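From first to last, the protein sequence lines are chains A and B.
If you're matching positions, the first sequence starts at 114 in the numbering used here and goes up one per residue.
If you're matching positions, the second sequence starts at 114 in the numbering used here and goes up one per residue.
Since the hints were made in silico from the structure, they are not lab data.
As the structure is a prediction and not an experimental result, all values here were calculated from the model.
Hints may be right or wrong, so weigh each one.
All copies of an identical chain are treated as equivalent in the list; a pair is satisfied when it fits inside any one copy or across any two copies.
Stated by the list, open to error - Straight-line C-alpha distance at most 25 Å; calculated BS3-like pairs for lysine-lysine:
(1) K173 <-> K491
(2) K503 <-> K662
(3) K314 <-> K508
(4) K314 <-> K491
(5) K173 <-> K662
2 protein chains.
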Amino acid sequence: MDSLKFDHDHENNSHIITNPLNPQEFRRHGHLIIDFIANYYQNIEKYQVLSQVKPCYLQKLLPESAPYHAEPIETILQDVQKYIMPGITHWQSPNYFAYFPSSGSVAGFVGEMLSTGFNVVGFNWMSSPAATELECIVMDWLGEMLKLPKSFLFYGNGGGVLDQMLSQFGRDKIGNLVVYGSNQTHSVLQKAAQIAGIYPKNFRVIKTTKSTLYGLCPNSLRATIQSDVQAGLVPLFLCATEGQDQLQEDQEQLQEDQEQLYEGQEQLQKEYVSHLEIDLRQKWKIEKHGDDEKQDHNTNTPFEFHPIGPLCEVAKDFGIWVHIDAAYAESAFICLEFRHFIDGIEGANSFSLNAHKWFFTTLDCCCLWVKDPSALIKSLSTNTEFLRNKASDSKQVMDYKDWQITLSRRFQAMKLWLVLRNYGVANLRNLLRRHVKMAKLFEELVGLDSQFEIIAPRNFALVCFRVLPSPKGMDGYEKGEAKQVERANELNKKLLESINGSGKVYMSPTMVDRAYIIRCAIGATLTEERHVTMAWKIIQEHADTLLSKY
Amino acid sequence: MDSLKFDHDHENNSHIITNPLNPQEFRRHGHLIIDFIANYYQNIEKYQVLSQVKPCYLQKLLPESAPYHAEPIETILQDVQKYIMPGITHWQSPNYFAYFPSSGSVAGFVGEMLSTGFNVVGFNWMSSPAATELECIVMDWLGEMLKLPKSFLFYGNGGGVLDQMLSQFGRDKIGNLVVYGSNQTHSVLQKAAQIAGIYPKNFRVIKTTKSTLYGLCPNSLRATIQSDVQAGLVPLFLCATEGQDQLQEDQEQLQEDQEQLYEGQEQLQKEYVSHLEIDLRQKWKIEKHGDDEKQDHNTNTPFEFHPIGPLCEVAKDFGIWVHIDAAYAESAFICLEFRHFIDGIEGANSFSLNAHKWFFTTLDCCCLWVKDPSALIKSLSTNTEFLRNKASDSKQVMDYKDWQITLSRRFQAMKLWLVLRNYGVANLRNLLRRHVKMAKLFEELVGLDSQFEIIAPRNFALVCFRVLPSPKGMDGYEKGEAKQVERANELNKKLLESINGSGKVYMSPTMVDRAYIIRCAIGATLTEERHVTMAWKIIQEHADTLLSKY
Numbered sequence: 114m115d116s117l118k119f120d121h122d123h124e125n126n127s128h129i130i131t132n133p134l135n136p137q138e139f140r141r142h143g144h145l146i147i148d149f150i151a152n153y154y155q156n157i158e159k160y161q162v163l164s165q166v167k168p169c170y171l172q173k174l175l176p177e178s179a180p181y182h183a184e185p186i187e188t189i190l191q192d193v194q195k196y197i198m199p200g201i202t203h204w205q206s207p208n209y210f211a212y213f214p215s216s217g218s219v220a221g222f223v224g225e226m227l228s229t230g231f232n233v234v235g236f237n238w239m240s241s242p243a244a245t246e247l248e249c250i251v252m253d254w255l256g257e258m259l260k261l262p263k264s265f266l267f268y269g270n271g272g273g274v275l276d277q278m279l280s281q282f283g284r285d286k287i288g289n290l291v292v293y294g295s296n297q298t299h300s301v302l303q304k305a306a307q308i309a310g311i312y313p314k315n316f317r318v319i320k321t322t323k324s325t326l327y328g329l330c331p332n333s334l335r336a337t338i339q340s341d342v343q344a345g346l347v348p349l350f351l352c353a354t355e356g357q358d359q360l361q362e363d364q365e366q367l368q369e370d371q372e373q374l375y376e377g378q379e380q381l382q383k384e385y386v387s388h389l390e391i392d393l394r395q396k397w398k399i400e401k402h403g404d405d406e407k408q409d410h411n412t413n414t415p416f417e418f419h420p421i422g423p424l425c426e427v428a429k430d431f432g433i434w435v436h437i438d439a440a441y442a443e444s445a446f447i448c449l450e451f452r453h454f455i456d457g458i459e460g461a462n463s464f465s466l467n468a469h470k471w472f473f474t475t476l477d478c479c480c481l482w483v484k485d486p487s488a489l490i491k492s493l494s495t496n497t498e499f500l501r502n503k504a505s506d507s508k509q510v511m512d513y514k515d516w517q518i519t520l521s522r523r524f525q526a527m528k529l530w531l532v533l534r535n536y537g538v539a540n541l542r543n544l545l546r547r548h549v550k551m552a553k554l555f556e557e558l559v560g561l562d563s564q565f566e567i568i569a570p571r572n573f574a575l576v577c578f579r580v581l582p583s584p585k586g587m588d589g590y591e592k593g594e595a596k597q598v599e600r601a602n603e604l605n606k607k608l609l610e611s612i613n614g615s616g617k618v619y620m621s622p623t624m625v626d627r628a629y630i631i632r633c634a635i636g637a638t639l640t641e642e643r644h645v646t647m648a649w650k651i652i653q654e655h656a657d658t659l660l661s662k663y
Numbered sequence: 114m115d116s117l118k119f120d121h122d123h124e125n126n127s128h129i130i131t132n133p134l135n136p137q138e139f140r141r142h143g144h145l146i147i148d149f150i151a152n153y154y155q156n157i158e159k160y161q162v163l164s165q166v167k168p169c170y171l172q173k174l175l176p177e178s179a180p181y182h183a184e185p186i187e188t189i190l191q192d193v194q195k196y197i198m199p200g201i202t203h204w205q206s207p208n209y210f211a212y213f214p215s216s217g218s219v220a221g222f223v224g225e226m227l228s229t230g231f232n233v234v235g236f237n238w239m240s241s242p243a244a245t246e247l248e249c250i251v252m253d254w255l256g257e258m259l260k261l262p263k264s265f266l267f268y269g270n271g272g273g274v275l276d277q278m279l280s281q282f283g284r285d286k287i288g289n290l291v292v293y294g295s296n297q298t299h300s301v302l303q304k305a306a307q308i309a310g311i312y313p314k315n316f317r318v319i320k321t322t323k324s325t326l327y328g329l330c331p332n333s334l335r336a337t338i339q340s341d342v343q344a345g346l347v348p349l350f351l352c353a354t355e356g357q358d359q360l361q362e363d364q365e366q367l368q369e370d371q372e373q374l375y376e377g378q379e380q381l382q383k384e385y386v387s388h389l390e391i392d393l394r395q396k397w398k399i400e401k402h403g404d405d406e407k408q409d410h411n412t413n414t415p416f417e418f419h420p421i422g423p424l425c426e427v428a429k430d431f432g433i434w435v436h437i438d439a440a441y442a443e444s445a446f447i448c449l450e451f452r453h454f455i456d457g458i459e460g461a462n463s464f465s466l467n468a469h470k471w472f473f474t475t476l477d478c479c480c481l482w483v484k485d486p487s488a489l490i491k492s493l494s495t496n497t498e499f500l501r502n503k504a505s506d507s508k509q510v511m512d513y514k515d516w517q518i519t520l521s522r523r524f525q526a527m528k529l530w531l532v533l534r535n536y537g538v539a540n541l542r543n544l545l546r547r548h549v550k551m552a553k554l555f556e557e558l559v560g561l562d563s564q565f566e567i568i569a570p571r572n573f574a575l576v577c578f579r580v581l582p583s584p585k586g587m588d589g590y591e592k593g594e595a596k597q598v599e600r601a602n603e604l605n606k607k608l609l610e611s612i613n614g615s616g617k618v619y620m621s622p623t624m625v626d627r628a629y630i631i632r633c634a635i636g637a638t639l640t641e642e643r644h645v646t647m648a649w650k651i652i653q654e655h656a657d658t659l660l661s662k663y
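Bound conformation, chain A alone (with noise of 0.2 Å):
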């Protein structure tokens, strides 16, 4: 490319720049961007929520170069406005029901504005003390909301389980490690495993069909595990999770799944590693005591079917390292009504949370507690010339770039602090179930129209449901006639591009078992009932208009 442009360093600068950080000028910018943003919160609705240009439109608008003098600010917000806008899909719109929330706050975005002013970079703890410490206390605060054990927080009495089985194994086992999921995880798992360079033959795919109600079955599992320990291998990571809103927080949770990876395999020579995850299948209906079979789509009892001390249980026989994710769901958990789901918790070795997509924190807070964070530190300390201190050689301090894999490290905890302090658990409580009340309320909505159907029970503020082509629509899915579950896909993929491409709401799709699914997943900070009423409005106009051409 020709950048001759650039090769002479001429004086006549417009605008020369002594120091980037002027303080005036922070203000007068700040404020100006304060406003931009406020004034976007506040005309939020007459956005397309899903962006509609087309690929590349950006290139063509932008120049093909940075600019060699300086621009003002007035001239960048100008330009955001005109190009970056069209091309945003508009997460904050109260009319984003799609993937899973990004809920946004005041708190979080003021938290994140001091967190970046700060600007300290807090890979240990004499690096900016107050950037640790906070982290501990906040994780506890948000621990004692969840009512987890004592030994999961920081200034609990802490676990050790697993030193018992250390140096067992050697590394060169990494050949023999397996990884579980099931067939509705499969891509992103394996992403996972192979990563963490699991073989992709130990890789098991556990078959789960609507009659397993998509989730594993203990005693299956155990099955598995137990032919692949007689075969002499050893098994590290297990994954259950169901088709709708786990999907997601498989990749979600990516991160988290590999550091427990990556943790596995570095202490592979010292212990036996692996992975639960929590199958929200447990909140489909069964009647207490029922098998896997009877169900009662009715009634609402969770965990009668895969309860987290059972499958503690079977870990425990293997002894394998058991995380919870109860992804989006569980900052509902703070809720006393909620909190039953992860009864049995004080199995688990570690729990992980996404403050970032229903708790009002901004991306990305990603929260993890662990039994004995020991095994996270022998396995990712390090300690060079260069980063040794005082604190740190006093072992009265935790350095944090021993808990992850990078050095660098924004302030986080700051935004999270912000948000439990400026809302209180009282309103943060009401605010998630004011979300689960508007799903109930879309769910009614929906079950009043005969032309749809609810594919899967809801689960919290999640509403999983398609149109049928016609009342039959279902026998023949039921019936498993191909023509009828393609056509009943078909039509529902139209109703979703249709409702999407109108710019008026936004939700995403999924497929559970055979059967193409439309996910309403109500989050979003700004959505009031006014917004799931319209939704529904959409979606029924655009059915009816569907419907007749069939």
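Dock chain B against the given chain A, drawing on the hints supplied.
Relative to the frame of chain A, chain B by itself:
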């Protein structure tokens, strides 16, 4: 822990919050916080650069639990000032000279605010086309500023050098992979290697000495690789680094390194992969055409020692992937007078830069250019129904989820775009030159004091020096008199503790060979000449006090 206080949701909530993203609240809190941070920058010199708090200081100051009711932002900001500020190590202070710069800027901050405000999760093109497209454009802009060959740019012609080597080796070769490093980078590189599943026995630490200027000699490297290949092993990764400014960089670059490794591992069944880092030791002063032993420490003719070209030649002979990481200094390569440091880059496969260090972009912003992205995509792409969409299926767009480990992704390009536009190429070059000029000044000041020694030549804006117990201190060192060496190290350790303890400046240490060195890294945005001369005065004062006791 007792969380009974949370067990009853009584309704007497003083602050009931129904919309945490209320635009009016956003405006009010946003303006408050802008003034808070602006004041912080205005008064930043009043704070002790290195936090002087004791371990667990914060636990004693904050409540044990999250508040049940909402707390006003004003109260929280008072607590930030009262409780958090003392625990901050002020990376933005003009008197911060430790580790590496974390150079913030108004434009970087504003960009971060915008991406936080939009709070989009840009895992694929469709989830916010602008996020993906702006990133491609900005990476090309910066690539052009660095004069990278077209083959590294999105809108260049791309590479494909790896294709011919596909499916040559089996995954079971993982036990044969060899990673090469120098004795300067051991613990760090080993962390990366182990996480990626490299057997510790296949981790080669090639000894470097002062006589080889702590840099890897291509010939000895070639010999080591050859003997491994003859032994049937597979060279995967080489990291050639030098003592001072690389130690940190290896750790900072860990993530990129690991991405290379993950990829390498995942690609193993397809190709040989390795990784070379440019040895900043190249910037040691060597006579033109001089051999390794002959040194002239008064001239500066870089790259007579380890030019990129020859390194790529070695790599090519072994079909090795070459990654160039010239570390924090890279941003200086946008200046014509420094660009020759990366002459020969066209022979490399990938190139990385940390814009969050010395490029006025807030944490975090790592830029990675890859000649053949298909190598990454082959190993890191996932495809589930949940993420499928017309745009991705059309293959007209790229999805960054396939370039990285995690799914979640912030709108990273925004802040880099703001920095490039709001400052422009001319200012960015001059700002970097200003830092180099100040480092030259500091180097001169040290050079004028016979009690001090520049232990390693200045690299860009990094000066490495130490105080000498006596003018004869160095002789002792040269003769390897352990006592002398120890005495010098003890003295410099005390000096560093003394100046850092004063809270007036903050510098960090490193070991070069057996010598304890003090590093002065100039790059904080607010640093001016007066801060550099003041820092030097402080060092002299503290040194005099210490030496008077000897």
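- K503 and K662: within-copy, between-copy, both or neither at 25 Å Cα: Only across copies: K503 and K662 sit 23 Å apart there, 75 Å inside one copy, limit 25 Å.
- Query: Given a CA cutoff of 25 Å, do K314 and K491 count as a within-copy pair, a between-copy pair, both, or neither?
  - Reply: Classified as between; 18 Å across copies, 29 Å inside a copy.
- Message: When Cα atoms must be at most 25 Å apart, do K173 and K662 count as within-copy, between-copy, both, or neither?
- Response: Cα proximity of K173 and K662: none, with 38 Å in one copy and 69 Å across.
- Message: Checking an output row: K173 and K491, CA cutoff 25 Å. Within, between, both or neither?
- Response: neither (50 Å within a copy, 28 Å between copies)
- Item | Up to 25 Å CA-CA - K508 versus K314, copy category | Neither: 43 Å inside a chain and 29 Å across chains, both beyond 25 Å.
Hints 1, 3 and 5 from the earlier list are contradicted by this structure; the remaining hints agree with it.
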